Every structure is written in C-alpha cells, then in structure tokens.
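Could you put the whole structure together from the sequences, leaning on the hints where they help?
Residue numbers (my numbering), protein chains in the order written: chain V, 175 to 335; chain D, 175 to 335; chain L, 175 to 335.
Just so you know, these hints were derived from the structure itself, not from any lab. None of the values given here were measured: they were computed from a predicted structure. One should not assume that every hint holds.
Copies of one chain are not kept apart here, so a pair can be met inside one copy or by any two copies together.
With a Cα cut of at most 30 Å, we get these calculated DSS-like pairs of lysine-lysine [what the hints assert, rightly or not]:
#1 LYS274 x LYS239
#2 LYS247 x LYS307
#3 LYS239 x LYS272
#4 LYS234 x LYS269
#5 LYS225 x LYS274
#6 LYS225 x LYS256
#7 LYS330 x LYS234
#8 LYS251 x LYS307
#9 LYS268 x LYS225
#10 LYS307 x LYS274
#11 LYS330 x LYS251
#12 LYS307 x LYS234
#13 LYS269 x LYS330
#14 LYS239 x LYS330
#15 LYS274 x LYS243
#16 LYS287 x LYS247
#17 LYS268 x LYS234
#18 LYS307 x LYS239
#19 LYS272 x LYS234
#20 LYS269 x LYS256
#21 LYS234 x LYS274
#22 LYS287 x LYS269
#23 LYS330 x LYS247
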Amino acid sequence: MAEENNNTTMVVFSGDLDKAIASFIIATGAAAMGDRVTMFFTFWGLNVLRKENYTSTENKNFMEKMFGKMMPKGPGKLGLSKMNMGGMGAKMMKKVMKDKNISTLPELMEMAKELDVNIVACTMSMDVLGIGKDELIDGIDYGGVATYLGEAYDAKVNLFI
Amino acid sequence: MAEENNNTTMVVFSGDLDKAIASFIIATGAAAMGDRVTMFFTFWGLNVLRKENYTSTENKNFMEKMFGKMMPKGPGKLGLSKMNMGGMGAKMMKKVMKDKNISTLPELMEMAKELDVNIVACTMSMDVLGIGKDELIDGIDYGGVATYLGEAYDAKVNLFI
Amino acid sequence: MAEENNNTTMVVFSGDLDKAIASFIIATGAAAMGDRVTMFFTFWGLNVLRKENYTSTENKNFMEKMFGKMMPKGPGKLGLSKMNMGGMGAKMMKKVMKDKNISTLPELMEMAKELDVNIVACTMSMDVLGIGKDELIDGIDYGGVATYLGEAYDAKVNLFI
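As structure tokens, this is what we get:
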C-alpha cells in the first residue's frame, strides 16, 4: 500500500504578524520536507498578501476605500495579536527576530515561493473588502471555498489560523 | 477499497461575526458537496446560536445574568474580530455583503440547516456561561467533548475557529 | 487492515485562559480515550507553561526582560480572549467553574500529565520571547516545527488554537 501523501493546508484568516509568521514557518517546514502545501488567505489574512507601496487605480466605492485605508498593507505593516501597543510590539518582535537571525516574514514568504507553496487568495473576501488582484503580490492563485475544500480533503494536516 | 468519507468538523470557539461567516461558508460548501459536517459551538461561539429577542424565565445567579447581558444575542449582534469600532465595522461588513449579494450569516445558517449540517452546542460551556437550552435556536443537538471527538476521528478536515 | 490510530495534535498559539481551557479539555478527553495527544506550545501559548513564582537568574537583554515582565506567568495569570475587563472576566470564569465543580486549568494540566499528554514547548518561540527552560514547568519536551509536523502527519485530528 502506498504511503498516504502528507499534504498540508492552512486557512489564514488572521492578518496578525505573529500568526502570519507561525503559518509560514509551518508552511515552509512542511514544503521543505517535500510536502504539497496550500495556504488559503481569507478575510484579514489577505492583508498579508497586499503590496506595500501601491495605490489601486480602480474605481472603489466609499466602503472599499475606507477598508483599503484602514487595513495594513503587506507584511511590514501588520500588528501583533497580543501586546501590539500601537505597533511597538510588532517592531520589537521584528527587531528581536533580526538580532537572533530568525527568518523574518518577508524572508519566510520568499522561501515559501521558492519551495512552491501554493498561495491562494479568497476571491469572495477580496470582493467583500474591495481588494483587487492588482493590489496583491504576484505569483499567487485565486479561488473560493471549493478550491480550499478540494485541497483540504486531499491533505493530512488542515489548520485554521 | 472504498473512498474514505470527507467528513468535516469545526469547533466554533469564537463568537465573532467574521469568523462565524467563515465557518458557515466552509460548512455549507462542504455539505453542498455531499459531506457530513458537524459544527461544535463552544464558549463564545454559543452566542452565534442565541435567540435574538428572548429573555429566559429560568432562575439565574448574578454571574449568569451578567454574562447573559454582556454577551451578544445571536448573529445580528455579533462584532468583528478586527476593526469592529464599537459595532460600526460589523454594520459596514453586513451592508457590503448585502450590496454585493453575498449570503449573510442568518442566510448561511438557514442554508446549513437545509443541508443537514449537524449543529451541536457544548453543554459544559452552556453550564459555565449560564445559557439554557431555551435560549438557543431550535433544531440543534447538545453534547460534550466526547461527542466532538467521536465526529472528529471520523472526519478528514477538522478545524478550530 | 489495522485501525488507523486516533492521534491528536494541537498547536497552542494562544495564551488566553479560555482557549487554554478548551485545548486541555480536548487533550484530556482524547487521552482518556486512549489516544496519543501532543500539544505544541508556541508564541503566547508558552505563557501557559510558565512557572508562577519564579525569576530567572539568566542574563537577559532589555527586550527579553520586557517581554518577560509584560507576559502572564502561568495559568493563574492568563486573561480571557473576550470580556476580560482587566482580569475581572478571567476571575469570574474561574469562580464560576469552581462553583460548578468544573475542572480548572491547573487541574486539567495535572490530569493531562497523568494521562501522558505530550507537552512540547517551541524552542524558536522561547528564543524570540527570551524564555529559558528554567522558567517553564517541569516534565515537558522541547522541539521545533519538524517535531510538530512529525506528530501531525501521524495524527487524525490537528488543531491550531
């Protein structure tokens, strides 16, 4: 009997720096062991995938503009889920990780790409929050709940983060 | 060899509107594909199942009354996990979803019932928070951790939300 | 064909009292049914494992001292994820659980040890937050993401809490 494959999926719902780091550490760890990994970014998790210095040229309604302005743009702007203290906590954690030579979130994301981690942005959440494809980083896929479930049913480890 | 069944379980611990929406989107998506889905509502997640305009006639002690008053009563009263801004964020999200013809939480919950999603309220949490069966919506089941584990061991996808 | 084993793993990322209680209820429930259970404590989850009245003698830098002082020391100091109200919510919940003869977190942790639940502290998070082995409770293991994945691939139920 063939070994069952050790695929891994994660729903990344949270847009917190610490949870994003945890999800990419698991993702790159699993991918480095040769496993297929799919990360499905939904709701606030989409903020992890936003380009840092980019303003969309698309027409947005009032709510979409407001969501767009208030939500963090990419890994450099994310806060911590605890002890964020107006961003100071996030800065402290980034400094500590750099000082101790632990991979930062942008480095982990780069590593994930090189290891062929499958990054999927949830199209329904993009619609709700008014985020366009041009506002997200390149080299990702797009899908809905059926895409997620298709991968999850084929995986051994499924997490909601 | 028979196909392994694609059962799905979710522990819905959170009582946040956005996480409740995410959990019911996964639940109805999986159920629509013919899979058995069990949602186990515990702690704050019980608030998702509370009747909106109902005051229990049971005798409650001081703490139970206090928990009962402070916690949101049903899907219409839930807040967002992020950017709630005293309820304005939740209102905004509900308006956007309605404008874009995306199913709202009450609609998703109705759909889940029609698709025979198995909704279980955690009896231990009900005891801790002083919530009676009369205060929760009809047509649900009741159980404890053994009920949950029984379903989870039989499922392919298990999430904690 | 042999029965697949019902191993369970949990990543305990959160350091909230309510989530810690939920994770240990699942862990002790599963272990009582004879299953192998591994809890992998990472980030704020490490606070659950801190000794309550202990000051490390190790040399710490400024950030490590600050993290160490600001983060809760052990189960008695944890707050709730919702309605904490400066610690009053946590006190209320502990009182209610005691009044209703529901196992408290320290009791659940004791039970987990007796049931041979495998408790693992994430060494990378310990490094980031500046937490030494001497500051964590006795009788636990230490490991990284590979340790976690090794257990997760062998389990039926994997949760991120």
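Hint-by-hint comparison with the structure:
1. Taking the closest pair of Cα atoms, LYS274 and LYS239 come within 30 Å of each other only across two copies (16 Å); inside a single copy the shortest separation is 38 Å, beyond that limit.
2. In this assembly of identical chains, LYS247 and LYS307 lie within 30 Å of each other by CA distance solely inside one copy; the values are 14 Å within and 37 Å between copies.
3. In the homo-oligomer, the alpha carbons of LYS239 and LYS272 lie at most 30 Å apart only across protomers (18 Å), although the nearest pairing inside one protomer, at 34 Å, exceeds that limit.
4. For the homomeric pair LYS234 and LYS269, the shortest alpha-carbon distance between copies (15 Å) is at most 30 Å, but the shortest distance inside one copy (36 Å) is not.
5. Within a single copy, LYS225 and LYS274 get their C-alpha atoms as close as 27 Å, and across copies as close as 25 Å, so both meet the 30 Å cut-off.
6. Taking the shortest Cα distances, LYS225 and LYS256 sit within 30 Å of each other both inside one copy (24 Å) and across copies (20 Å).
7. For the identical chains of this complex, LYS330 and LYS234 are neighbours neither inside a copy (40 Å) nor across copies (40 Å), given an alpha-carbon limit of 30 Å.
8. For the identical chains of this complex, LYS251 and LYS307 are intra-copy neighbours only, at 19 Å inside a copy versus 32 Å across copies, given an alpha-carbon limit of 30 Å.
9. When the C-alpha separation of LYS268 and LYS225 is checked against a cutoff of 30 Å, the pair qualifies both within a copy, at 19 Å, and between copies, at 26 Å.
10. In this assembly of identical chains, LYS307 and LYS274 lie within 30 Å of each other by CA distance solely across copies; the values are 18 Å between and 35 Å within a copy.
11. For a Cα distance limit of 30 Å, the shortest separation of LYS330 from LYS251 qualifies neither inside one copy, at 32 Å, nor across copies, at 35 Å.
12. Proximity of LYS307 to LYS234 under the C-alpha cut-off of 30 Å is restricted to the intra-copy arrangement: shortest distance 13 Å within a copy versus 45 Å between copies.
13. For the homomeric pair LYS269 and LYS330, neither the shortest alpha-carbon distance inside one copy (35 Å) nor that between copies (37 Å) is at most 30 Å.
14. In this assembly of identical chains, LYS239 and LYS330 lie within 30 Å of each other by CA distance neither inside one copy nor across copies; the values are 39 Å within and 39 Å between.
15. In the homo-oligomer, the alpha carbons of LYS274 and LYS243 lie at most 30 Å apart only across protomers (20 Å), although the nearest pairing inside one protomer, at 33 Å, exceeds that limit.
16. In this assembly of identical chains, LYS287 and LYS247 lie within 30 Å of each other by CA distance solely inside one copy; the values are 19 Å within and 38 Å between copies.
17. In this assembly of identical chains, the alpha carbons of LYS268 and LYS234 lie at most 30 Å apart only when taken from different copies (18 Å versus 33 Å within one copy).
18. Taking the shortest alpha-carbon separations for LYS307 and LYS239, only the intra-copy value of 15 Å comes in at or below 30 Å, while the best inter-copy value is 43 Å.
19. When the C-alpha separation of LYS272 and LYS234 is checked against a cutoff of 30 Å, the pair qualifies only between copies, where the shortest distance is 17 Å, while the shortest distance within a copy is 37 Å.
20. For the identical chains of this complex, LYS269 and LYS256 are neighbours both inside a copy (17 Å) and across copies (25 Å), given an alpha-carbon limit of 30 Å.
21. Taking the closest pair of Cα atoms, LYS234 and LYS274 come within 30 Å of each other only across two copies (13 Å); inside a single copy the shortest separation is 42 Å, beyond that limit.
22. Taking the shortest Cα distances, LYS287 and LYS269 sit within 30 Å of each other inside one copy (24 Å), while across copies they are farther apart (36 Å).
23. Proximity of LYS330 to LYS247 under the C-alpha cut-off of 30 Å is found in neither arrangement, the shortest distances being 32 Å within a copy and 34 Å between copies.
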